Each structure stands twice: as C-alpha cells, then as structure tokens.
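J.: One-letter residues, chain by chain:
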Amino acid sequence: MSAGPYNYSYIFKYIIIGDMGVGKSCLLHQFTEKKFMADCPHTIGVEFGTRIIEVSGQKIKLQIWDTAGQERFRAVTRSYYRGAAGALMVYDITRRSTYNHLSSWLTDTRNLTNPSTVIFLIGNKCDLDAQRDVTYEEAKQFADENGLMFVEASAKTGENVEEAFLETAKKIYQSIQDGRLDLNAAESGVQHKPSQPGRNTLVNDQQVNKDTCAC
Amino acid sequence: MFFLFVAIWTVHVKTSILSLEGSQMATSDSEDFESADEDPEIQIDHTALHSTKEQKEPEKSSTTNESNDNRQKKEPDELLRNEIGIGGTFQTSKDPTNDKTDTEASDINNTTVKTIENKAVKSPSVLPSRGGSNINGSDEAVTKDRQPKKCVKREQKPREPKSGGSARKLGTKISQNILCTGLESESEKVKQDFFASEKTCNQVVGDTHDKDERKTVTVSPYKMDNTAQEIEKLTLEESSEHNIAPVLDKLSQSASEKETDSDSSWGGWGNWGMTSLLFTATESVSALTTQVSQGLGTVLEAGIGAPDPEMLAQLEKEEELKLLQEKKQNEANEFSELQREEEQKAVPSGLFGFSHLISGVSSITRLVETTGNKVLTGGLDTLETIGKKTMEVLQEGDPGLKKKRALFSEKIVLSQVLREAKEKAEKEDQEIEDSQAARKAHFETLFDDYQGLVHLEALEMLSKQCDIKLQSILLTSSGTALSQLQQSLQEVKDICQLPDDEDTEEDESDAVDWRKRLDNAVKGLGVPIATEKLNKTWEMAHGWVENCCSNQKSSNNVEVISARDIHQKAIATLAQLTAESVEQFHKAAELLLVKDDRSPTEEAQTLLQVTSVLTSEVSAVATRFSECLNAAAENSMDPVAVNALITSVFLEAANSSSYIQEAFQLLIPVLEVGLTK
Numbered sequence: 001m002s003a004g005p006y007n008y009s010y011i012f013k014y015i016i017i018g019d020m021g022v023g024k025s026c027l028l029h030q031f032t033e034k035k036f037m038a039d040c041p042h043t044i045g046v047e048f049g050t051r052i053i054e055v056s057g058q059k060i061k062l063q064i065w066d067t068a069g070q071e072r073f074r075a076v077t078r079s080y081y082r083g084a085a086g087a088l089m090v091y092d093i094t095r096r097s098t099y100n101h102l103s104s105w106l107t108d109t110r111n112l113t114n115p116s117t118v119i120f121l122i123g124n125k126c127d128l129d130a131q132r133d134v135t136y137e138e139a140k141q142f143a144d145e146n147g148l149m150f151v152e153a154s155a156k157t158g159e160n161v162e163e164a165f166l167e168t169a170k171k172i173y174q175s176i177q178d179g180r181l182d183l184n185a186a187e188s189g190v191q192h193k194p195s196q197p198g199r200n201t202l203v204n205d206q207q208v209n210k211d212t213c214a215c
Numbered sequence: 001m002f003f004l005f006v007a008i009w010t011v012h013v014k015t016s017i018l019s020l021e022g023s024q025m026a027t028s029d030s031e032d033f034e035s036a037d038e039d040p041e042i043q044i045d046h047t048a049l050h051s052t053k054e055q056k057e058p059e060k061s062s063t064t065n066e067s068n069d070n071r072q073k074k075e076p077d078e079l080l081r082n083e084i085g086i087g088g089t090f091q092t093s094k095d096p097t098n099d100k101t102d103t104e105a106s107d108i109n110n111t112t113v114k115t116i117e118n119k120a121v122k123s124p125s126v127l128p129s130r131g132g133s134n135i136n137g138s139d140e141a142v143t144k145d146r147q148p149k150k151c152v153k154r155e156q157k158p159r160e161p162k163s164g165g166s167a168r169k170l171g172t173k174i175s176q177n178i179l180c181t182g183l184e185s186e187s188e189k190v191k192q193d194f195f196a197s198e199k200t201c202n203q204v205v206g207d208t209h210d211k212d213e214r215k216t217v218t219v220s221p222y223k224m225d226n227t228a229q230e231i232e233k234l235t236l237e238e239s240s241e242h243n244i245a246p247v248l249d250k251l252s253q254s255a256s257e258k259e260t261d262s263d264s265s266w267g268g269w270g271n272w273g274m275t276s277l278l279f280t281a282t283e284s285v286s287a288l289t290t291q292v293s294q295g296l297g298t299v300l301e302a303g304i305g306a307p308d309p310e311m312l313a314q315l316e317k318e319e320e321l322k323l324l325q326e327k328k329q330n331e332a333n334e335f336s337e338l339q340r341e342e343e344q345k346a347v348p349s350g351l352f353g354f355s356h357l358i359s360g361v362s363s364i365t366r367l368v369e370t371t372g373n374k375v376l377t378g379g380l381d382t383l384e385t386i387g388k389k390t391m392e393v394l395q396e397g398d399p400g401l402k403k404k405r406a407l408f409s410e411k412i413v414l415s416q417v418l419r420e421a422k423e424k425a426e427k428e429d430q431e432i433e434d435s436q437a438a439r440k441a442h443f444e445t446l447f448d449d450y451q452g453l454v455h456l457e458a459l460e461m462l463s464k465q466c467d468i469k470l471q472s473i474l475l476t477s478s479g480t481a482l483s484q485l486q487q488s489l490q491e492v493k494d495i496c497q498l499p500d501d502e503d504t505e506e507d508e509s510d511a512v513d514w515r516k517r518l519d520n521a522v523k524g525l526g527v528p529i530a531t532e533k534l535n536k537t538w539e540m541a542h543g544w545v546e547n548c549c550s551n552q553k554s555s556n557n558v559e560v561i562s563a564r565d566i567h568q569k570a571i572a573t574l575a576q577l578t579a580e581s582v583e584q585f586h587k588a589a590e591l592l593l594v595k596d597d598r599s600p601t602e603e604a605q606t607l608l609q610v611t612s613v614l615t616s617e618v619s620a621v622a623t624r625f626s627e628c629l630n631a632a633a634e635n636s637m638d639p640v641a642v643n644a645l646i647t648s649v650f651l652e653a654a655n656s657s658s659y660i661q662e663a664f665q666l667l668i669p670v671l672e673v674g675l676t677k
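For the protein sequence lines, the chains are H and R, in the order given.
If you read the first sequence in the UniProt record's numbering, its first letter stands for residue 1, the second for the next number, and so on.
If you read the second sequence in the UniProt record's numbering, its first letter stands for residue 1, the second for the next number, and so on.
Because the hints were derived from the structure by calculation, they are not lab data.
Nothing here was measured: the structure is a model prediction, and the numbers come from that model.
Keep in mind that the hints are not guaranteed to be accurate.
[Stated by the list, open to error] Which stretches of chain R does chain H cover? Using the computed rule of at least three CB atoms under 8 Å from a CB of chain H, they are:
1) 590-602
2) 606-618
[Stated by the list, open to error] Short, incomplete list of chain R residues facing chain H, as computed with Cβ under 7 Å:
3) THR371
4) MET461
5) LEU462
6) LYS587
[To be verified] No farther apart than 30 Å at their CA atoms in a straight line, the calculated lysine-lysine pairs in the DSBU-like style are these:
7) LYS34/H - LYS170/H
8) LYS533/R - LYS34/H
9) LYS536/R - LYS34/H
10) LYS595/R - LYS533/R
11) LYS440/R - LYS59/H
12) LYS156/H - LYS440/R
Yeah, the Cβ is synthetic: ideal placement off N, Cα and C, and Gly gets one too.
My request is simple: use the sequences and hints to build the entire structure.
T.: Now the structure itself:
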C-alpha cells in the first residue's frame, strides 16, 4: 500500500536493460524491497519499481523501469528508453553471452536516450564467483572504454546493489548541478518538484487528456 | 582601616584603666563622635568652605569647631550631640591634655580634608560623594576604603604615634563618665544614648531609602562600569586591610602587655593578665565582626552606583553608632572590670581565685552578648543593602516594575496560556493529519502510488510509438493497399468509439458476475491478461463495504467506521482499481504488440467490452461506498460534510472511468498497428 515520504524534489527515471535472465528484476526487487526473489517470472514488457533516496540532502524519487529481457519484447522495450536519466545495463558474470550482447544494448541506449543519460554497467551474480565466465578486469576495461560506470553486484546477497543505484543518482544529480542536464527538456528523465500532487501533473507531463480530447 | 581604628581604640581602653587612679576629668570622647553625627550635606559644605581656613589654623581649639558644628546642625540627632557637646565643652576648657588631643584630632581632620581637597581638584565630580566621609577615625576608615592605598599609608603614619594620646583621651572620658553619672546609672546612659542615635539613624535611613529608590532608576551602564571598577579597588584595599590586621593585633597586644606590667602593682599580675587577655580576644572578635560587616556594606554600597552623600552619611552614622555602642558596651565591660578589680582589691588574696572566676564568667557572657548584638546589627545592614541592590536590579530598565508586575499578574492565567498552547499544538497536529488524510484521499496521488500513472505513461509511449509506425506505413503505402488500410483503421476506430451512456449494462452486479464478465471479455483478446489483481481488489472492496454497512446497521456504535474513513477507503479502492485497469491495458498493449497473429477488430471489441466492464464496476464500487457514506451521514454530526464526501466519491469514480477510457483510447494505435502486419 501507499506509504513513505512524498516531499521529494526530483523524480529520476531509470531503465534497467540487459539479456533475459541476467537478474534485472531481481536487482530491482533487491533495491526496492531489500529481498531476493528466488524464482522471478519473466517480465512482460516493463515493470516498475520506486524508491525515494537522498542525495546531497535532496530527496529523489527513483522511478525504475524494469524492462523485459526477452528478445520478443525488444521492440516494445525500446519504446521505454526515452527520457531515462539513468540506464542500468546488466549482464550475468556466469554467462559470457550476456556480456557479449552488451555492445548491442549500449548502442540501443545511446541511440534512444539523451547524451546526458548516465549508463551504469552491472555485472550481476557476483556471488557465483566459482562459475565466473567474465573477469572483472575485462568488464572494467569495457566500461572504461565506453565511459561507463561499473560494478559487480549480487541481487542475491545485495552486494553493491545499493551502490549501483545510488552512484547513478549521484552522477545524475551532479549533472543537474553542473547544468549539463536540462530539467526543462522533455527527455531529461528528470522531473523537478512534483511534490504538489494534482491533476496538473498528469496533464502537463503526459498530455493524456489532451490526446484523448483530440480523439 | 577600620581595624586600625579599633586597635587604637583598644589601646584607649587600656590606658583608661591606668588613668583611673590619676582621675583625670577631661574628656574628648564626645568630640570623636559629634562630627559623625552631623548632617553630611552640611558637613560637605563646611569642609569645602572652611578646609583652607582649617589648614591655616590647625591649632584652633575644638570648642570653636564644636560651636561651629552646633550652629550648622539641622538633623534631629541634636539631643545626643548636644549632650555630648556640652559635656565636651565643659571639660575641654578645664583640661590642657584634652586641648592637645583635640589639636591632634583636628590634625587628622586636616589631613583627611587635604586629601579630599586634592582629590576634589582632580575630579570635582567625586567630591560630593566623598566629602561626607572625612572627619574622624571611623570616617577615615570609610574614606580610606574609597581612596587608593597611597592615602592609607599617609594617614597611618601620623596616627600611630598619636595612639597613646588618644588612648589617654578616651580613658579620661570613661573615668569622667563613671564619676559624673555614677556607677549605677552608667549602663542606662549607654542605653539612652544608643536609642537616641538609633532614632536619628532610622530617620535618615528612611529618607535615604526614598531618594535612593528614585535615583536607582536612572543608573546608567556607564555608572555601573565605574562601580565595577570601584568594587575591584575596594577588594584590593580590603585585602590590604587584612594584611594590616595582624600588625594591629600585635600593636594592641604589646599595649596590653605594657598595661599588664603596670597593672601588676595594684591588681595582681596573673589576675589582670587573664582579663586583658580576655579583652584582647573580645576586641579582636568585635573588630573582625565590625570590619567584615563594614567591608561587606561598603562593597555593596559602592556597587549600587554613584555613592550619594546621604547614603554615605547613613553608612557613617550606622558605623558610628556601632562604634558608639561598642564603646559603651566595652565601657560597661570595663566598668565591670573595674568593679572586679576594686573587689579584688578589697578581697583578700586567698579568695581571689573565686572572684576572678565569677568575673571571668560575667565578662564572657558580656562578650557573647556584644558579639551577638554586633553580628545581628551587621547582618541586618547587610540584608538591607542586599535588598536594595536586588530592587535596583529588578527595576533596571523597568521603572516602577511595571513590566514585571504585568508579568506576575499574568500568572493567574498561566493555566489558560498552557491550555492555549496545547490547543495550538493540537490544531497544528490536526492540520498535519488533515493534509495526510487529504493525501490519503487524493485520487491522483494514490493512482500514482499504485503505479497507474507510470503504466499510463508507458502505454502512452507505446501508443505514440505505434502511431509513428502507422504514419510511416501510411506514407509509404499507396493505392488500394492504402485505401484498404485506411478502411480497416476506420473500422477499428469505430469499434473503439465508446457509447455515450451504457445504462443498459448497469445491472446490479455482484462479485461473481463481474468476474465472469471480465474473464469472458479478456478471453477474446487472445493474450494472457492477469485479471487476478483486479478481481482481488474488487472482492476486497466489496467485503469492506459489506462489513462497513453491517456495522452501521448494528446498534453497536463503537464499531461504526467514520465517514472520513469510508471516504478514504472509497478513493483508495477507486484509485487501485483504475491503476490496475490501466496496468492491464498496458500489459494488453505490450502483449498484443508481440503477438504474432493479430486480429485487431476482435481485439478492439474485446477491449471495448473490458473497458465497459471496468467502468461500470468502478461506478458500482462508488455507489456501494456512497451508500455506506449515506448511512454514515445519518449518524454523523455534520451531514453536509458527509454529503460533500459522497460527491467526492462520485467525482473520483467519474475520474477513474475517464482514466480507463483514456487507456483504452491509447490502445487504438496498438490495435491499428496489428492491421499492418
């Protein structure tokens, strides 16, 4: 049910992308619920998660779009990239194929998001070090080459999960502070001060009503 | 400084015993006190005007001085002073030794006057405050307290050699007193003198108080600073006084030793030694007490601000009186001493020890009495000073204590103040609660909380995406393909046109019916739509409403849910249903887009059915909740407010329906895209 503080200053849109079964939904669940979801069903299209965090004394609501990794939803999920302030690109360190597909995901992200979008590379399932298929070094090198932030995390143990989400938020917030991110731009993925709930929010942000009226 | 005086005076007392045999009738005791009894203001004038004259003719007899003083007396302490004064005059003319003593006294006076004059030249503003305290021994003590150490030294020197003479002078007075008044009336006279002077003192004190209170109001911070400095000085001087004390003690001791030597001829060495020892102890105690009380008094007095003449005069008088009292008491002591000695003379040496014991006891008793009296007087003075000072501090920046009185008068309504504060706090809490409650009953916020908004956003994105795709296809296609596509598109659009009012389907539907209809409608879509969530919410809502209504019907009012709670629940339920509906539309769109085999017309019809079911269900839920609210309104104290809540529920139900319909409209491009496959 609804609970928690609502007087946040920003809404950051995150999108979690990556191959099927790398643990995107589990990462989200770990971050929002601090629990590990053992048998996670396939995501249909996109699922959502929210959590309010604090960066530099500012409360920020993270609106996380957890996309389906299945290839058949690829076309659908591409629709959701737009306006993401942060993109968490996930691969499975025990499955090399998920790592190999990163360049494809990165291309999509680069094409479908704005330049200021923070891309964070997460090597999930780092708790399964014995089955490791991708070394930290090579992933780190890939991240460095592409200017990505990188961390190896585990949705199961929760290791580095918080860090990944929070570091992304800090980077975005820094971009806002530096003026690199235009809050007024529709695709910035950041909404400022939505703390006054009302019908205006819906009308202004989504123009749903307007579209409907036109019909 | 005062110590010094006391010490000297101790010597006087001792010498008096010596001079008893010689029966010198002269006295100068009265002169020692008379100037202190004078009105301070007149004294100042007198000092200021005649100081030069006095300096020029220091040999002028005390008689002249006295007559001068007498002329200027205005205060009602004349009784005492006249008595003394006359006595003094009478005896002075007789006795050449006394003349000498007087000259010495006036010497001292002149020294003081000089000092003060010097000071006055430097800082004329200080003169009035200090002029009042310059005449005799005890005054000097005060004066010196207020003057730098230099002064203290200067005055000490001439005094010390004179102590012998002064002692003689005092001694003669005592003996004279004894002879004049007789042994029996001596103590009574002491009493009389004391009461007379006390009367005067009280009057002065009264006057001073009045003036004092008026003055203290205007004490400026600057003055306070000065006072602080003065206090510091005084503290320094006091410490120097303490340094002098042991020396003075020694002095008195040596004097008593001398006496002891000479006494042995007639009193018996051991006997007198004992008493003198007792005396020394008495004097030390009394001196200490007086000094302490005086010192404290001076400090506090000085702390009040600019010391005005009246106050000083009062202080002096008090001190004088104390001294006088002391002297008289000591005289009495001495008298008993003398008596004892006489007795001792008469009594054979064999019985001597016994009488000495008795006399020792009596002297101790007297000592206790004297000391107790002094402590009491000193303590009262100190208390008075403290009281004055307290009043002053209280009145600072608050003349007449108006503000403080006002403050204390409010004490009566303290409980009210507290009650108001409590009410205020409660009101604030209520406001916060209200805002939270308003938030709880705010449809959009709740809709967002149930992820309805973001699903709608996602659906919108998909819809736009599909629309773009459709437009590009329309642009690229041409001829019959285009016209066929356009026809199909129009067909879907027509199906998706929602009827203006669907009253036909507004049947009384229960949970099972609704579920069946929804499941049937979803079947035609060909994609797995999770209706569980919606069904669950629906069941929960119906269960809640039924429970609520049954509670309302029962007579047990304790269980009745408030209208506000019902309203909140209604809005929350509507928001949840709407969010879940939108979510299902969104999921349907996603699934349709990934569906291989599309049949947009069927899909459109099914979705229309679903929309119809959902909207009707939303209004059914709203109706159930408003029934519940209506029942609550009957019980409520404020039916108007409850009616407003009912209106709000219907408004949000309409809002909810429009969201569902909007979501459905957003699906049209998704359906249309299916036609292009």
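J.: A separate judgement is required for each hint: does it hold in the structure or not?
T.: Against the structure, the hints:
1. Counting residues of the segment 590-602 of chain R whose CB lies closer than 8 Å to any CB of chain H gives 4, so the stated coverage by that chain holds, three being the minimum.
2. For the segment 606-618 of chain R, the stated coverage by chain H is not satisfied: 0 residues place a CB nearer than 8 Å to a CB of that chain, which falls below the threshold of 3.
3. For THR371/R, the interface hint is violated, the least distance from its beta-carbon to any beta-carbon of chain H being 72 Å, above 7 Å.
4. Hint status for MET461/R relative to chain H: holds, with the closest Cβ pair at about 5 Å, below 7 Å.
5. With 7 Å as the threshold, the beta carbon of LEU462/R comes within range of chain H, its nearest partner Cβ sitting at about 5 Å, so the hint holds.
6. With 7 Å as the threshold, the beta carbon of LYS587/R comes within range of chain H, its nearest partner Cβ sitting at about 6 Å, so the hint holds.
7. Restraint check for LYS34/H and LYS170/H: satisfied, since their Cα atoms lie roughly 20 Å apart, inside the 30 Å limit.
8. For the proposed pair LYS533/R and LYS34/H, the alpha carbon gap of about 23 Å is at most 30 Å, so the pair holds.
9. Among the hinted pairs, LYS536/R with LYS34/H is consistent with the structure: their alpha-carbon atoms are about 26 Å apart, no more than 30 Å.
10. With a CA separation close to 23 Å, the supplied pair LYS595/R and LYS533/R stays within the 30 Å bound.
11. Between LYS440/R and LYS59/H, the direct Cα distance comes to roughly 20 Å. Compliance with the 30 Å bound is thereby established for this hinted pair.
12. For the proposed pair LYS156/H and LYS440/R, the alpha carbon gap of about 34 Å is over 30 Å, so the pair is violated.
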